Amino acid sequence: MSFTNRRNFLKAGVLSSAVVIMSGCSVFGITTTRNTIKVLENDLFPKANELGIDTADYISIILRHPRVTQEDKRFLKNGAKWLNETSVEMFQKQYTKLSFEKRQLILKNITSTEWGNSWCSTVLGYTFEAAFGDPIYGGNNKEAGWKWLAFEGGKPRPTEVYL
Amino acid sequence: MYDVCIIGSGAGGSPIAYELSNAGFKVVVLEKGKLYDESTFNKDEIAVCRRDMFTPPLGEQKHIINEYSPSGKITRYDGEKSGWSFWNGSMVGGSSNLMSGYFHRMKPNDFKLLSAYGKIKGANVVDWCISYETLEPYYEKVEKVIGVSGKIVKHKYQEPRSTPDFPYPMLETNGVTKWFDVACEKLKFTPIPTPRAILSMNALGRNGCYYSNFCGSYGCASGAKGSARAALLQKCKAKVITDAFVYKLDAKDGKVVRAHYYTKHKIPHMINAKIFVLSAQAIESSRLLLNSKSKEFPNGLANSSGELGKNLIFSAGGSGSGRFIFEKLTKEQQKELMQAGLFFNRSLQGWYEYTDGGKTYKGGTIDFLFEHQNLISRVNREIYDDEGNLLWGDKLAEKIDKTLTTSRVLTFEVFNDWLPTDHCNVAVDEKETDMWGVPVGVINLNSHPQDLEVGEYLAKHAVEVLKQMGAVEIDSSISSSPPPNLVAGGCRFGNDPKTSVLDKNCKAHDLDNLYVTDASFMPTGGSVPYTWTIYANSFRVADIIKKELLLV
Numbered sequence: 003m004s005f006t007n008r009r010n011f012l013k014a015g016v017l018s019s020a021v022v023i024m025s026g027c028s029v030f031g032i033t034t035t036r037n038t039i040k041v042l043e044n045d046l047f048p049k050a051n052e053l054g055i056d057t058a059d060y061i062s063i064i065l066r067h068p069r070v071t072q073e074d075k076r077f078l079k080n081g082a083k084w085l086n087e088t089s090v091e092m093f094q095k096q097y098t099k100l101s102f103e104k105r106q107l108i109l110k111n112i113t114s115t116e117w118g119n120s121w122c123s124t125v126l127g128y129t130f131e132a133a134f135g136d137p138i139y140g141g142n143n144k145e146a147g148w149k150w151l152a153f154e155g156g157k158p159r160p161t162e163v164y165l
Numbered sequence: 248m249y250d251v252c253i254i255g256s257g258a259g260g261s262p263i264a265y266e267l268s269n270a271g272f273k274v275v276v277l278e279k280g281k282l283y284d285e286s287t288f289n290k291d292e293i294a295v296c297r298r299d300m301f302t303p304p305l306g307e308q309k310h311i312i313n314e315y316s317p318s319g320k321i322t323r324y325d326g327e328k329s330g331w332s333f334w335n336g337s338m339v340g341g342s343s344n345l346m347s348g349y350f351h352r353m354k355p356n357d358f359k360l361l362s363a364y365g366k367i368k369g370a371n372v373v374d375w376c377i378s379y380e381t382l383e384p385y386y387e388k389v390e391k392v393i394g395v396s397g398k399i400v401k402h403k404y405q406e407p408r409s410t411p412d413f414p415y416p417m418l419e420t421n422g423v424t425k426w427f428d429v430a431c432e433k434l435k436f437t438p439i440p441t442p443r444a445i446l447s448m449n450a451l452g453r454n455g456c457y458y459s460n461f462c463g464s465y466g467c468a469s470g471a472k473g474s475a476r477a478a479l480l481q482k483c484k485a486k487v488i489t490d491a492f493v494y495k496l497d498a499k500d501g502k503v504v505r506a507h508y509y510t511k512h513k514i515p516h517m518i519n520a521k522i523f524v525l526s527a528q529a530i531e532s533s534r535l536l537l538n539s540k541s542k543e544f545p546n547g548l549a550n551s552s553g554e555l556g557k558n559l560i561f562s563a564g565g566s567g568s569g570r571f572i573f574e575k576l577t578k579e580q581q582k583e584l585m586q587a588g589l590f591f592n593r594s595l596q597g598w599y600e601y602t603d604g605g606k607t608y609k610g611g612t613i614d615f616l617f618e619h620q621n622l623i624s625r626v627n628r629e630i631y632d633d634e635g636n637l638l639w640g641d642k643l644a645e646k647i648d649k650t651l652t653t654s655r656v657l658t659f660e661v662f663n664d665w666l667p668t669d670h671c672n673v674a675v676d677e678k679e680t681d682m683w684g685v686p687v688g689v690i691n692l693n694s695h696p697q698d699l700e701v702g703e704y705l706a707k708h709a710v711e712v713l714k715q716m717g718a719v720e721i722d723s724s725i726s727s728s729p730p731p732n733l734v735a736g737g738c739r740f741g742n743d744p745k746t747s748v749l750d751k752n753c754k755a756h757d758l759d760n761l762y763v764t765d766a767s768f769m770p771t772g773g774s775v776p777y778t779w780t781i782y783a784n785s786f787r788v789a790d791i792i793k794k795e796l797l798l799v
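In order, the protein sequences belong to chains B and S.
Just so we're on the same page, this note's numbering is the position in the first sequence counted from 1, plus 2.
Just so we're on the same page, this note's numbering is the position in the second sequence counted from 1, plus 247.
No lab work stands behind these hints: they were computed from the structure.
Computed from a predicted structure; not experimentally measured.
Treat the hints with care, as some may be off.
Claimed, not checked - Below, a list of computed lysine-lysine pairs in the DSS-like style, where the Cα atoms sit at most 30 Å apart:
hint : chain 1 : residue 1 : chain 2 : residue 2
1    : B       : Lys-104   : S       : Lys-649
2    : S       : Lys-642   : B       : Lys-149
3    : S       : Lys-521   : B       : Lys-40
4    : S       : Lys-511   : B       : Lys-40
5    : S       : Lys-391   : B       : Lys-157
6    : B       : Lys-149   : S       : Lys-328
7    : S       : Lys-391   : B       : Lys-110
8    : B       : Lys-149   : S       : Lys-425
9    : S       : Lys-646   : B       : Lys-110
10   : S       : Lys-646   : B       : Lys-149
11   : B       : Lys-75    : S       : Lys-511
12   : S       : Lys-482   : B       : Lys-149
13   : B       : Lys-144   : S       : Lys-642
14   : S       : Lys-578   : B       : Lys-157
15   : S       : Lys-642   : B       : Lys-75
16   : S       : Lys-281   : B       : Lys-157
17   : S       : Lys-328   : B       : Lys-75
18   : S       : Lys-582   : B       : Lys-110
19   : B       : Lys-144   : S       : Lys-582
20   : S       : Lys-707   : S       : Lys-435
21   : S       : Lys-401   : B       : Lys-75
22   : B       : Lys-157   : S       : Lys-401
23   : S       : Lys-401   : S       : Lys-368
24   : S       : Lys-649   : B       : Lys-40
25   : S       : Lys-646   : B       : Lys-157
Generate coordinates for the entire structure from the input sequences, incorporating the hints supplied.
Structure below.
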């Protein structure tokens, strides 16, 4: 199924932070966008974890940010659902419960699809915001992301999070 | 009653506010956006560049965009659905707060494109109804009042000046500019230190530049950047009302009598004044006049000619880049390359006019600058390998590390004429409305084939310089995509009321007290960024309005 069709199909769906994973016509399980993306972020960009940066909480900011469109929020949530459904199809388990090697196979699979490539690059974009944005947003712990790249943040720095 | 009501607080409106309020007149400025100033500006990449905090959300305010292809096919884009935004800085001082401040004057021939270069098939090229000589004193005034720093270098297309040099010395530059100058010498090109609307020293009651490394797209926290707010509105007593979206002008007996505006909570207000000055930026100024139709003006205010909204132009051209990598540099050069904060500030204008195939063309300007230092954006550019496959894991981290810590990109921007055509204009949509229920602007886009030819010609020379400097991964992209921050036209000025909206004083032919002073008045745009010319023209019109008010 193409990214566009899948995206459009799910536009009309009822959405919540709970992600219902379907296997065929049956409900396979329930997880949350945050849990799925937390594991995925570490697979896509483990350097953040090495630097002591937690990028997972930042997704919660994005999911409630008024400047992020509803369509983009839906895409984030739907991608988590499709990722898990692909995991179930390939290995009969949710993504978060698979071994590292199997998760890599899933990533190879989905990044060869239009939706998967687009979704992973979107997640990476938000991961980078957390890792390389101002530490006031909760990521980039002690400017570790900046220090890694010998980058000095612009001044003045923000004194509050822009929500 | 106010003497003058100005709609829009950017580079087109603020000189009027500054001059007239300082002359003792009662001036009010209506600004749709909020007030940000030196105390509130910061360098938060997420807020400013990722969440677009200074522009309206497209779900609340958008445009409809119709793109004309050379085959005549029209593709319609809904700004909200496509994410295509034509907004700039919605704030006191407008987008001048966020500009990089690359300041070049237009050249004398830019004022007489038709006479100097002849007719161009498919383009509505005309001469301006004023000359360079008329505007020159006001260009000089901008240098002093807004604050322009630089150094005059003699070159073939240096425009005449009434003063020998800029009032403020050049900003400090990165060591790589020396490589640029050497390369240009070998190629027999003349490098020009780029004039900037940035104070290089404390002056005019403002602080000098502190080389934050984050200039363009960001507000300036020192006041060094010559924004309309820092340089003018904060230096005068004009009353600025924020959160005031003007949606209609009422006219009676050949005069505008009041402006209607909404707050963001849709509370309606109105203001009366003797004189109205419209400067909401080109697209929105035409939209407001088109939305202000009445029995007396059934086709829109000031539109008896039918020319309102027509001949919208942008800056044509594009950009390119080359990368300098550590492997090809000495230790000393590596250090120079990575020096943060200092500007590059070099321009080329050697092909402002050129002959190709026996024909003389109006050319343009090339500005060179380092790639924007926004870190998230730079990291994001590394997620694909050379074959276009998405990278992740250690491979991705290695690529980011190597690219960002052992190389740096020098970019160039090409500015040439976006020729005015019949299919590039502003209208209003019959169905789509904004958050206030007001019909949104329609932007009809079309570019002339010559725009691309000239842009390519200029980019070729920029690429030569990058090659001579030893850059790798050299790339250039000249396209017909319109830069939303470089827009003009729609209310063309001219001497004939049948073919222009404004007279030579930028007053509407149809009304006794309505002036338009953003870039809308420009029949052609020159081959430079517009801001200096907008400022200069607005100071010129301020003198005209002052005289008129003194006569009343």
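Hints, one by one, checked against the model:
1. At most 30 Å may separate the alpha-carbon atoms for a hinted pair to count; B:Lys-104 and S:Lys-649 meet this at roughly 29 Å.
2. Of the pairs offered as hints, the one joining S:Lys-642 and B:Lys-149 holds, with about 19 Å between alpha carbons and a cut-off of 30 Å not exceeded.
3. Simply put, S:Lys-521 and B:Lys-40 have alpha-carbon atoms about 61 Å apart, too far for the 30 Å limit, and the pair is violated.
4. This hinted pair does not check out: S:Lys-511 and B:Lys-40 have alpha carbons roughly 38 Å apart, beyond 30 Å.
5. For the proposed pair S:Lys-391 and B:Lys-157, the alpha carbon gap of about 27 Å is at most 30 Å, so the pair holds.
6. As the CA atoms of B:Lys-149 and S:Lys-328 are separated by approximately 38 Å, the hinted pair breaks the 30 Å bound.
7. Our distance criterion of 30 Å between C-alpha atoms is broken by S:Lys-391 and B:Lys-110, whose separation comes to about 60 Å.
8. Restraint check for B:Lys-149 and S:Lys-425: the C-alpha separation of about 29 Å stays at or below 30 Å, so the hint holds.
9. For the suggested pair S:Lys-646 and B:Lys-110, the alpha carbons sit about 19 Å apart, so the restraint of at most 30 Å is met.
10. Distance hint between S:Lys-646 and B:Lys-149 is fulfilled; the C-alpha atoms sit about 16 Å from each other, no more than 30 Å.
11. Simply put, B:Lys-75 and S:Lys-511 have alpha-carbon atoms about 25 Å apart, close enough for the 30 Å limit, and the pair holds.
12. For the proposed pair S:Lys-482 and B:Lys-149, the alpha carbon gap of about 40 Å is over 30 Å, so the pair is violated.
13. The suggested pairing of B:Lys-144 with S:Lys-642 holds, with an alpha-carbon distance near 24 Å, which does not exceed 30 Å.
14. The suggested pairing of S:Lys-578 with B:Lys-157 holds, with an alpha-carbon distance near 28 Å, which does not exceed 30 Å.
15. Using a Cα cut-off of 30 Å, the hinted pair S:Lys-642 and B:Lys-75 holds, with the two alpha carbons roughly 28 Å apart.
16. The straight-line distance between the Cα atoms of S:Lys-281 and B:Lys-157 is roughly 22 Å, inside the 30 Å bound, and the hint therefore holds.
17. Between S:Lys-328 and B:Lys-75 the alpha-carbon distance is near 14 Å, which keeps this suggested pair within the 30 Å criterion.
18. Of the pairs offered as hints, the one joining S:Lys-582 and B:Lys-110 is violated, with about 39 Å between alpha carbons and a cut-off of 30 Å exceeded.
19. Distance restraint check for B:Lys-144 and S:Lys-582: the Cα-Cα separation of roughly 25 Å lies within the 30 Å cut-off, and the hinted pair is therefore satisfied.
20. The hinted pair formed by S:Lys-707 and S:Lys-435 meets the criterion: a straight-line CA distance of about 15 Å does not exceed 30 Å.
21. Between S:Lys-401 and B:Lys-75 the CA atoms are separated by roughly 55 Å; this puts the pair beyond 30 Å, and the hint is violated.
22. Of the pairs offered as hints, the one joining B:Lys-157 and S:Lys-401 is violated, with about 36 Å between alpha carbons and a cut-off of 30 Å exceeded.
23. Of the supplied pair hints, the one linking S:Lys-401 and S:Lys-368 is violated, its CA atoms being roughly 34 Å apart against a limit of 30 Å.
24. Distance check on the hinted pair: S:Lys-649 and B:Lys-40 sit about 26 Å apart at the alpha-carbon level, within 30 Å; holds.
25. Distance restraint check for S:Lys-646 and B:Lys-157: the Cα-Cα separation of roughly 27 Å lies within the 30 Å cut-off, and the hinted pair is therefore satisfied.
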